Amino acid sequence: MKEEVILAKELTKIYRRGSEEIHALKDVSFVIGKGEFAAIVGPSGSGKTTLLNLLGCLDTPTRGSLRLNGIEVNGLKEKDLVKLRRENIGFVFQQFFLLPTLTVRENIELPLLFSKKDGYKSKIDEIIEVVGLKARAEHLPGQLSGGEMQRVAIGRALINEPKIILADEPTGNLDSATALRVFELFQNLNSQGLTLIIVTHNLALAKIAHKIIQLRDGEIVRKASSHGLSKKARS
Amino acid sequence: MNFVTLAIKNLLRRRGRTSLTIFGVAIAVAVLFSLLSFNAGYEKQLSGELDSLGIHILAVPKGCPYEAASLIMHGGVIPKYLSNSDVEEAKKIDGIEVASPMLLHQFYKDGEPHIVYGVIMNDVSRLKTWWKVEGRFFSDTEDNVMVIGKNLAEEEKLKVGDVLPFGPDKIPFTIVGILERTGTQDDEFHFLPLQVAQRIFDKPDQITTIAIRVNDISRISEISKQLEDIPDIQVVTMTQVMGTIMNLVGSARTLLISVIIVAIIISAVGIINTLLMSVNERTREFGMMKAVGASGFDIGRLVLIETLFVTVIGGVIGLLLSILGSGLIEGFVKGIIPYSPAGRLMVLEPGLIGLCLLFSIIIGVVCGIYPAIRSSRLTPMEAIRSNLE
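Residue numbers (the working numbering), protein chains in the order written: chain A, 1 to 235; chain B, 1 to 389.
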């Protein structure tokens, strides 16, 4: 067993809308090892994004526990959550969320502003190279294609040297050819030892992952290796 | 990249809105600075103007003494007169250094009012010791000569030695002297020997006022009482004139301050509204920032820096507008206050400039603090999901 990076135990998330309770996640448990590439799949409303947000410490579970890199997340103060996010997690969003007035380089640099890390100029150049945007480094997001924008977002997620990359539908807004190139980039990063967890609707792309977690109605219905979605996680 | 460059780039994303907000702040600061500098300058200038009269007491015909004093200072005509005998009576009072009779007359040329002072130059030169003249002063026994103010000479393109048809009968008068600029109303006037003025304007033995200077200013009150014992005479001390004018101006100033407070409140509400709109529009962006490592403090700081940028730039522009447009503003304010001294009323004191810049920073902090706190308290999830629901 690889060194565990994520240990989720009975994670439950309930949203309340007035008197109505929405069970977005129900007793979700799994382990992700260091350097693993996991895909979370399932239909819309199955709780994929909710799970990813819990893993990214963007939200807190109603019940259950989560350990990230050996740190128990439950009960951490906001200040400690910020530190945990900065040091451990890189986020990639479906909508990219690039700042339109910042260049590719500046968008990638943005997290350094918050982590107050200096002397990262060569690191920025290196990441621009990794995501294949050297020629576009001084361009604004409005001058880029969707695939290029997502690569900027991936570069931004990498700049703080996180241990885990969480990506929410990273290819959801891309055509299949571009999506494939983005997945190849993820594969590449994973092959260098980075832990990747990706939420996707695209089963074909999910098969590239080592581990697939399939959700339906907030529950894990299957956990499987990339060889197939055959093993029942819960019975 | 640092927070300041990020804030500037964020502001540049919405240039129109940012410009309008800056403009709103600029207007508020311009109005504030104009009022404060006008307020500081007015009292100074008024005091200077009263001093420049070189007199402590004005003896005027019985009636409304303050109106008379105001008209005399500005060069107006009052329809009542004192006589030469009143001057002789006044001169008998102990403690009076100079008692100088003056006759004021007003006439119109090309629709513009012109003011003529009939004076005894020997007395006036003792009252206004700072007067300097190009050419010479006239002696009180000379006929058909005049001294004129500098502005009048420039406006009418007159020079020493020019001969001017003057008075109802267009008698030729020689300009023997032009006053060096005094910065007061004197720059606008014609000065004639008193007896000549009385003759050509058909006011024999009549005078408009007696300008009095005392030996000891602590005796002004006592001397005033003695002057009022002379039939027909009413006295106005310069302290009273100053106090009365400041009271009159006070009400106009209160009105202006009220307008300013309203302008500032409107501006502040506008800024807060703009910032809240901007914060709401960028909720998901803030969520992203939190997801990539920003703390609530980082987000709040960014919003506050943006606000401060807007308000400080607005403040600087407001100050520049106010300084560049001080002439127009002064003209407007002069038009609505009951009395305004000659010369520049708006003073550009560094302390006031600093105060107004400080004000714009305070406005920035006050207006920015709520949007900053609100944006900093958003949880990343709330922020990211905000537009998705």
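Honestly, the hints are just simulated from the structure, not real lab data. None of these values were measured; they are calculated from a predicted model. One thing to keep in mind: the hints can contain errors.
[As the list claims (entries may be wrong)] Listed next, the in silico DSBU-like pairs over lysine-lysine satisfying Cα-Cα at most 30 Å (straight line):
| id | chain 1 | residue 1 | chain 2 | residue 2 |
| --- | --- | --- | --- | --- |
| 1 | B | Lys80 | B | Lys203 |
| 2 | B | Lys44 | B | Lys150 |
| 3 | A | Lys79 | B | Lys9 |
| 4 | B | Lys80 | B | Lys170 |
| 5 | A | Lys83 | A | Lys9 |
| 6 | B | Lys150 | B | Lys128 |
| 7 | A | Lys79 | A | Lys9 |
| 8 | B | Lys9 | A | Lys134 |
| 9 | B | Lys203 | B | Lys132 |
| 10 | A | Lys123 | B | Lys9 |
| 11 | B | Lys62 | A | Lys83 |
| 12 | A | Lys116 | B | Lys128 |
| 13 | B | Lys150 | B | Lys9 |
| 14 | B | Lys9 | A | Lys117 |
| 15 | A | Lys121 | B | Lys9 |
[Said to hold, decoys possible] Rough simulated footprint, nothing fancy, chain B against chain A, three-plus residues with beta-carbon under 8 Å:
| id | stretch |
| --- | --- |
| 16 | 153–166 |
| 17 | 175–187 |
[Unchecked claim] Calculated Cβ distances over 12 Å to all of chain B for the following chain A residues:
| id | residue |
| --- | --- |
| 18 | Leu7 |
| 19 | Glu21 |
| 20 | Ser29 |
| 21 | Gly33 |
| 22 | Lys34 |
| 23 | Glu72 |
| 24 | Leu99 |
| 25 | Glu106 |
| 26 | Asn107 |
| 27 | Glu109 |
| 28 | Lys117 |
| 29 | Glu129 |
| 30 | Leu203 |
| 31 | Lys211 |
| 32 | Lys223 |
Glycine is no exception: its CB is placed at the ideal position from the N, C-alpha and C atoms.
Verification of the hints:
About 11 Å separates the Cα atoms of B/Lys80 and B/Lys203, which keeps this hinted pair within 30 Å; it holds. Distance check on the hinted pair: B/Lys44 and B/Lys150 sit about 23 Å apart at the alpha-carbon level, within 30 Å; holds. At most 30 Å may separate the alpha-carbon atoms for a hinted pair to count; A/Lys79 and B/Lys9 meet this at roughly 27 Å. Among the hinted pairs, B/Lys80 with B/Lys170 is consistent with the structure: their alpha-carbon atoms are about 25 Å apart, no more than 30 Å.
Proximity of A/Lys83 to A/Lys9 is assessed by CA-CA distance (about 22 Å); at most 30 Å being required, the pair is judged to hold. Proximity of B/Lys150 to B/Lys128 is assessed by CA-CA distance (about 16 Å); at most 30 Å being required, the pair is judged to hold. As the CA atoms of A/Lys79 and A/Lys9 are separated by approximately 23 Å, the hinted pair is consistent with the 30 Å bound. At most 30 Å may separate the alpha-carbon atoms for a hinted pair to count; B/Lys9 and A/Lys134 meet this at roughly 22 Å.
Note on B/Lys203 and B/Lys132: the hinted pairing holds, with a Cα-Cα distance of about 29 Å set against a maximum of 30 Å. Of the supplied pair hints, the one linking A/Lys123 and B/Lys9 holds, its CA atoms being roughly 23 Å apart against a limit of 30 Å. A C-alpha spacing of about 85 Å is found between B/Lys62 and A/Lys83, which places the hinted pair above 30 Å, so the restraint is violated. Under the criterion of a C-alpha separation no larger than 30 Å, the hint pairing A/Lys116 with B/Lys128 is inconsistent with the structure, at around 70 Å.
Only pairs whose Cα atoms come within 30 Å are accepted, and B/Lys150 paired with B/Lys9 is rejected, the gap being roughly 55 Å. Pair hint B/Lys9 plus A/Lys117 holds up; C-alpha atoms about 21 Å apart against a cutoff of 30 Å. Among the hinted pairs, A/Lys121 with B/Lys9 is consistent with the structure: their alpha-carbon atoms are about 20 Å apart, no more than 30 Å. Residue count for the stretch 153–166 of chain A with a Cβ under 8 Å from a Cβ of chain B: 3. That meets the three needed, and the coverage hint holds.
Coverage of a stretch by a chain is defined here by at least three residues with a beta carbon nearer than 8 Å to that chain's beta carbons; for the stretch 175–187 of chain A and chain B the count is 0, and the condition is violated. The claim that A/Leu7 is not at the interface with chain B holds, since no C-beta of that chain comes within 12 Å of its own (minimum 21 Å). Annotated as non-interface, A/Glu21 keeps its C-beta farther than 12 Å from every C-beta of chain B; the closest such distance is 17 Å. Remark: the non-interface label on A/Ser29 is consistent with the geometry, its nearest Cβ contact in chain B lying 21 Å away (cut-off 12 Å).
No beta-carbon of chain B comes within 12 Å of the beta-carbon of A/Gly33; the shortest separation is about 23 Å. With a minimum CB-CB distance of about 21 Å to chain B, A/Lys34 clears the 12 Å threshold, and the non-interface call stands. Distance to chain B confirms A/Glu72 as a non-interface residue, since its nearest Cβ pair spans about 19 Å, more than 12 Å. A cut-off of 12 Å between C-beta atoms contradicts the statement that A/Leu99 is not in contact with chain B; the least separation is 7 Å.
In this structure A/Glu106 is not separated from chain B by more than 12 Å, as the shortest Cβ-Cβ distance comes to only about 5 Å. Distance to chain B contradicts A/Asn107 as a non-interface residue, since its nearest Cβ pair spans about 10 Å, not more than 12 Å. Distance check on A/Glu109: its Cβ comes as close as 5 Å (rounded) to a Cβ of chain B, failing to clear the 12 Å threshold; non-interface status is violated. Consistency note on A/Lys117: stated as away from chain B, yet its beta-carbon is not over 12 Å from all of that chain's, at 10 Å minimum.
With a least beta-carbon separation of about 19 Å from chain B, A/Glu129 lies farther than 12 Å from that chain, consistent with its non-interface assignment. Every C-beta of chain B lies more than 12 Å from that of A/Leu203, the closest at about 23 Å, which supports listing it as non-interface. For A/Lys211, the shortest C-beta to C-beta distance to chain B comes to about 23 Å, beyond the 12 Å cut-off, and the non-interface label holds. Annotated as non-interface, A/Lys223 keeps its C-beta farther than 12 Å from every C-beta of chain B; the closest such distance is 25 Å.
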